[in-house]
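J.: Each protein sequence line maps, in turn, to chains E and A. When the letters of the first sequence are read in order and numbered with the numbering used here, they come out as residues 1 to 326. When the letters of the second sequence are read in order and numbered with the numbering used here, they come out as residues 327 to 686.
Derived from the structure by calculation, the hints contain no laboratory data. For glycine and all other residues, C-beta sits at the position ideal for the given N, C-alpha and C. Warning: the hint list may mix true and false statements.
Unchecked claim - Okay, the calculated bits of chain E under chain A, using three or more residues with CB under 8 angstroms as the criterion:
#: 1; stretch: 50-60
#: 2; stretch: 85-94
#: 3; stretch: 103-110
Listed below, chain by chain, are the residues.
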Amino acid sequence: MAAITLIEAVTAALAHELEHDKEVILFGEDVGKNGGVFRATDGLQATYGEDRVIDTPLAESMIAGLAVGMAAQGMKPVAEMQFMGFIFPAMEHIVTQVARMRNRTRGRLTMPMVIRAPYGGGIHAPEHHSESTEALFAHIPGLKVVIPSNPSRAYGLMLAAIRDPDPVIFLEPKRVYRIVKHEVEDNGEEYPLEACFVDREGKDITLISWGAMMHETLQAAEKLAADGIDAEVIDVATVSPIDMETILESVRKTGRVCVVQEAPKSGSIGSEIAAEIAEHAVMSLLAPIGRVSGYDTVMPYYKLEKQYMPTVDRILDEAKRIMEYK
Amino acid sequence: MTTTTVASFEIKHHQYLDADGQPTQELPAFAKDMDKMRSLYRDMALLRAFDAKTYALQRTGKMGTYPASLGQEAIGIGYGDCLTAEDVVVPYYRSTGGLLKHGVTMKEILQYWGGDEGGSDYSVAKEDFPICVPIGNQIVHASGVAKAIQIRKQKRAVVTEIGEGGTSEGDFYEGVNVAGVWNLGVVFMINNNQWAISVPSEIQTACETYAQKAIAAGVEGIQVDGNDIIAVRQVAEYAFEKARNGGGPTVIESVTYRLCDHTTADDASRYDDANVKDQAWKNEPMVRLRKYLEANNAWTEADEEAMNAENAKKVEAAVEEYMAIPKPGPELMFDHLYEELPESTKPQREEAIRRAGGAK
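Construct all of the structure, not just a fragment, from the sequences and the given hints.
T.: Here it is, written out as C-alpha cells:
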C-alpha cells in the first residue's frame, strides 16, 4: 500500500477500470501522451493504447457529444473537461442529452458515463479556471454530481462513478490535488454514491461541506474542540442527489448546523441543504442555519481569490455565532 | 509576390433525372430495375400520405407539433434504402423517411410526436437514436457512435441528417471535423430545403454550397439533386459502402425545397414567395419519378390508385394503433430517470401517482 495524492488516486481508479473493463474509454484534450494538464491520466495511454486513451480535437461540446454516442453503443466513456470553466460548450449535451437519454428512450439507450473536470479556486490560475459551479449540474435531474475531498474518496468514488449505470459529473477539487496523501489500497473497492461521510463525530454543531473546503472545515472543527465545542463534520461527497438522511440525523442530534462551500451563496448546494433541513428538521434546530460560502459575485482573478474563498476564521466566526445563539 | 497553391477544392453535383423524369446521363443499374423504382415510389408516397394524415391529426387536436417532409421525400427514402439492420440512424426531427426505412413504425413516430417518449423506445432499430430536437447535437452523437464502431472493428455505417440552417451550429463543424480526423464511418446528410423556419439559405452562409463545408474538415463533400431519388440513392450507397469499409466520412448536401410549413406550428405564407413555391412544386421528387416510371411503361393510373388505397389503409391502421395507446402513467416521469430512483425523489413519485389517482 502506498501513500498517494488525490490526483494519483484518480489515476489509479482510472487505470483500475481500464484494466478490468474493456468498455471503459478515456478521452479529452491532452489526456494522451501529455497525461492531462494536471497529469490525471499520466501514463495511461502508454499502457492501454491509443484506442482506449484518446486525445480529441479541442472542442468541449464535441467531447460531451462523442460520449453520448459511445455510451449509446454500450461503452463507458470517461471524458475529461480540462477545466470546469471550459465545460460550458458541453452544457447543451449534458443538459439536453446526457441527463435525458435514458428517460427519452424509456430506458432503451442509457448513458453510463463520467465527465470529469478539475474545479475550484486557490491555485493562482488564469481567469475562468477557478469557479465552483457544481450547483448548475445539481439542478439537472438525471445527473449525479460527485466531489471527492481526499485521496481515498477520490479512488473509491471514481470507481463507483465509472461503474454507475447513469451519468456522473465528477468534479475534482484541484487545490487539494496534491496537499495530502492517503494510504490507498488499489483493490478495486468502490465507495457508495449517494452517501455522505461523517468524518468527525460530535454533539454540539454539524459542519457540512464537500471538496476542497472539507480541509478548512476539519481544521475549524479541531480549533472549536480546543474551545470545548464538539463539532460533527460531514463530507457530502455526492452533492446530487444528496443523502439527506445522514445530514438530518446529525442535525437532530446537534440542533445546530453550518454549511461551508466555496461556491457563491445564492441558489447553491448550501441553499438546498439548508432548505431540506428547514423542511424536515426545523423543530430540532436550536439556532438558525448558517452558511459560509463564496460571495455572490464573480470569482476574482487570483490577486483576490483568498479574500473570496471561505477561510478557517470565517468558519469559526459563523460556528461561534451559531453556538452563542439563544 | 510569388505564391503557391497549397489547397484547392471543387464540389461535384450529381443528377440522373431532370424535373421531367428524363435521364440526364447513363443510369446506375438499380435505376433500371423497375421493381426497385416502383418500390421507392411507393415508399415516398407512403411517407407523403403519413405526413398528410399526421397534419390532419394535429389540426383536429389528436397530435402535437409535427414537422412534415413534403418535397424532400427522396432524401430519407433514398438513403434509407441503403441501410442494413446493423447500421445506425441518428435522426433529426425531419428524418421520418429514414426512420421508416430502418424499421421504426408509423405508430412509434405518431406516439412520439403525440407527446409520449414511449415512441422513442423503438421495437426494431434498437440502436437508432431518438429524434434530435436541439439543432446539431445529432452530428456529434453520430461521430461518437461511429467511434465506438471503429474501436470494436465493426463494419457498420452511421447516418445522420441536418437542415442547411443547422450547419451554422458549432456542433456541425465539431462533429464533421472529428469524423475527418479519426476517419469515422459516418454519412452526414445536409438537407438543403432552402429554409430554416423563416430564414432563407442566403442568411445562413456565404458559401456557394453546403457540401463544401466538409472541405474545411478534410472530408469529402458531394452535392446531389435532392429531388432526384436516383442521385440521392446512388451517392448515399457510395457513402455507406465507404463508411462500412474504413473509407471514412462523407457529407452529402441534397438540394431540395420545403414545400410545407416548418412544422404544424408555422405558417410559411408569412415569408415564402408563392411564385417561388409554385416553381418548386414543378421540381418536386415524386412527379419526376412517376414520369420516369411511366416512360418505362412501369406505372399506370390504376397502379397509382391502387397504391393510394393501400397506403391509406396502412396509415389508417397505424393511426388506429396510435389512438389505442393508453395515456402514460405518471410513474413514467420517474421510472427511467435513473436505473434506480434516488431515495430523495421517491416521495415525489408517490405524490404524482397519488394525485393522478394511481399508476398505470
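J.: Are there at least three residues in the stretch 103-110 of chain E whose beta carbon sits under 8 angstroms from a beta carbon of chain A?
T.: With 8 residues in contact (Cβ-Cβ under 8 angstroms with chain A), the coverage given for the stretch 103-110 of chain E holds.
J.: Three or more residues of the stretch 85-94 of chain E near chain A by CB distance under 8 angstroms?
T.: holds (count 3)
J.: With a Cβ-Cβ cutoff of 8 angstroms, does the stretch 50-60 of chain E contain at least three residues near chain A?
T.: This one holds; 4 residues, not fewer than the three required, reach chain A with a Cβ under 8 angstroms.
No hint from the list above goes unmet by this structure.
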